[in-house]
Amino acid sequence: MKLIVDKLSVLRDSRAILADLSFTVEPGSSLLLVGPNGAGKTTLLRTLAGLLPASAGRLWLEGGRSEQSLGELCHYVGHLNAIKSTLTVEENARFWQRYLGGAGPVDAALARFGLAGLKDIPAAYLSAGQKRRLALARLLLARRPLWLLDEPAAALDHDAQAALTAVVTAGLAAGGLVVAATHQPLGWPNERTLRLQPATRAP
Amino acid sequence: MSAFSELVRRDIWIAWKEGGTLGVALGFYLVVVVLLPLALGPDLNLIARIAPAVLWVAFLLSALLSLGRLFEADFEDGSLDVLATGTLPLEAVVAGKALAHWLTTALPLIALAPLLGLLLNLRPDAYGVLVATMLAGTPAVSFLGAIGAALTVRTRRGGLLIGLLLLPLFVPTLIFGIEAIGAALSDADSFAASFLLLLAVSLAAMVLAPPAAAGALRFQLQ
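For the protein sequence lines, the chains are A and B, in the order given. With the working numbering as the guide, the letters of the first sequence map in order to residues 1 to 203. With the working numbering as the guide, the letters of the second sequence map in order to residues 1 to 222.
Extracted from the complex, chain B is given alone in its bound form:
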């Protein structure tokens, strides 16, 4: 267990020291969300209606930017070989790195989301539920992303490939996330169902993605 927490600590510390990856993700999120109202024109009702969808889609695209590097750096400098000879199984290494990605990339993006909601004229009662759905749904993004990152770790310029691989996997999270916000705003009963499904997708990803990504990494290390 201490090796696991040590790995998570190291990844957070490296992300903090490098800073660039998070800066790019936050900047990209900001730019996408700012550009969209400019493109749609001054229809405040329209913008308010699509605000949750815009914030979610932009989140997924921003997270994709950094997911490609999840294992690449460790692969290139040989760390992955040594990580594989540790007492920690490769599945736990994957889980640790995905957790660190969620803490260092998803959490700051979630923190930025309410601020960007202001720019999109998001209804005041939607902020709480927006943050709640993102906290519940985004672990799936980091953990499913680990599968794509593991599959493309040896691929030069795997960024586009990783998008093609992962975006279909993100569809359930996207649908239930936006559905939950919509249901909460219209006081429909379906909020609980959507929110629980969102949590279920995240929990399933946290269980199923590490073995899948570890299998891909074992193959790539050959």
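Okay, chain A solo, but in the shape it has when bound:
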């Protein structure tokens, strides 16, 4: 599958955040979105996930089944971790796996991010980095071709960053696509960089 974005413009509060943006992401490759705060990195990711409407332009996955929306084909890991603090780590993971239509053992996904020993404790007791790892474990809980990651390495320690790189590398090797907003180099294979600048002009 191949992600194609053609002359995309996004307005928020009638201000142009993204204007005339075109790019493609080939299968097995990753695209890093860089740029200063307020450049529209999160806006672009949310638009790709189908959470924000595009005001002009088109975006689609070539080779995807046409009845599936981009939202159904992507994993969106935003700033917020989508974790219920009253549920245990395992309950959180199991819910998202079943909700997102995944199958297979939850333990393996948790173990990849070093959470295997924590699966029975309530998520409220996790540290910021551990919560981030639990959010990233969603990538392994259900198979989806397009991964949209917003600051994926925020709060992650050295080991967890290495685990993330390994997971992304495996995902890319399986033909997946990764789009990530980041402020730090991530060292992923086949990565390209897209630099976004804050749009200043009025619509």
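The set of hints was computed from the structure by calculation and includes no laboratory data. Among the hints, a few may not be true.
[What the hints assert, rightly or not] Derived CB-CB ranges, DEER-like:
| hint | chain 1 | residue 1 | chain 2 | residue 2 | range |
| --- | --- | --- | --- | --- | --- |
| 1 | B | Gly163 | A | Ala124 | 26 to 32 angstroms |
| 2 | A | Pro105 | B | Asn121 | 54 to 60 angstroms |
| 3 | A | Pro122 | B | Val31 | 56 to 62 angstroms |
| 4 | B | Leu196 | A | Gly117 | 56 to 62 angstroms |
| 5 | A | Pro105 | B | Thr87 | 18 to 24 angstroms |
| 6 | A | Pro122 | B | Gly163 | 28 to 34 angstroms |
| 7 | B | Glu18 | A | Pro105 | 27 to 33 angstroms |
| 8 | A | Pro122 | B | Ala188 | 50 to 56 angstroms |
| 9 | A | Gly104 | B | Phe219 | 32 to 38 angstroms |
| 10 | B | Gly163 | A | Pro105 | 44 to 50 angstroms |
| 11 | B | Glu91 | A | Gln197 | 43 to 49 angstroms |
| 12 | B | Arg9 | A | Thr169 | 31 to 37 angstroms |
| 13 | A | Asp107 | B | Gly159 | 14 to 20 angstroms |
All C-beta atoms in this analysis are idealised placements derived from N, C-alpha and C, irrespective of residue type, glycine included.
Dock chain B against the given chain A, drawing on the hints supplied.
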């Protein structure tokens, strides 16, 4: 379908584990119903006559307390974004959460209502019809409530706003609910008409509220 039942199961499990929201709703229901006879004085006939109305109005106010949080928690922790990228359409997400609200808040309140009827000197033959009208009418409360909850999900302290938005929508349910009890107690023929209208309002709310609330949520997620 499994994603839908999984969502309902999760919401019930969270409500069970947290417990606080239901406790507040039940406690509020109890306090309102207990205070009213104290304020009205020892006129047993008057209290018995207004008992169905008191139980219904107090139910609506108690349900309002928890409706404000219907989407707020999922919005604040980012779950709503991920729920929106699932295979389930947002309309079904709304329906699932409203159903879970009905199961975890309305059902316990309905179970408490006959007990509170005792305090209000409710006629013995009214208990069955009270519970029946509440079971038939309260799905409308949870589903219409989802519209208000979706509209106010980004509003800080949206509790008062949600009351202003929703209480007018609850008027048909309130009128037909109390009317049905009154008709059953006076053996009037109008019971069937009121009860069927009560059911109709609930069914219409279950169909029409999810698209409306999903539209509001899509707008709020931007």
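query: Is the gap between the beta carbons of Gly163(B) and Ala124(A) within 26 to 32 angstroms?
result: holds, 30 angstroms
query: Does the hinted range 43 to 49 angstroms hold for Glu91(B) and Gln197(A) at CB?
result: Distance hint for Glu91(B), Gln197(A) is violated at roughly 38 angstroms.
query: Within 54 to 60 angstroms or not, the Cβ separation of Pro105(A) and Asn121(B)?
result: holds, 59 angstroms
field: Pairwise beta carbon distance, Pro122(A) to Ala188(B), judged against the given window 50 to 56 angstroms
entry: holds, 54 angstroms
query: Has the hinted range 31 to 37 angstroms been met by the Cβ atoms of Arg9(B) and Thr169(A)?
result: Taking Cβ atoms as reference, Arg9(B) and Thr169(A) lie about 35 angstroms apart, which means the hint holds.
task: Kindly confirm whether 32 to 38 angstroms is satisfied by the beta carbon distance between Gly104(A) and Phe219(B).
output: holds, 36 angstroms
query: Falls inside 56 to 62 angstroms, the C-beta gap from Pro122(A) to Val31(B)?
result: Given range 56 to 62 angstroms: violated, Cβ gap about 31 angstroms.
message: Quick check: does the Cβ-Cβ distance between Pro105(A) and Thr87(B) fall within 18 to 24 angstroms?
response: holds, 21 angstroms
- request: Just tell me: holds or violated, for the beta carbon distance of Glu18(B) and Pro105(A) against 27 to 33 angstroms?
  value: holds, 28 angstroms
- prompt: Is it true that Leu196(B) and Gly117(A) lie within 56 to 62 angstroms of each other by Cβ?
  reply: holds, 58 angstroms
message: Taking the Cβ atom of Asp107(A) and the Cβ atom of Gly159(B), is their distance within the range 14 to 20 angstroms?
response: violated, 41 angstroms
task: Take a look at whether the Cβ-Cβ distance between Pro122(A) and Gly163(B) falls inside 28 to 34 angstroms.
output: holds, 32 angstroms
Comparing the model with each earlier hint shows violations of hints 3, 11 and 13; every other hint is respected.
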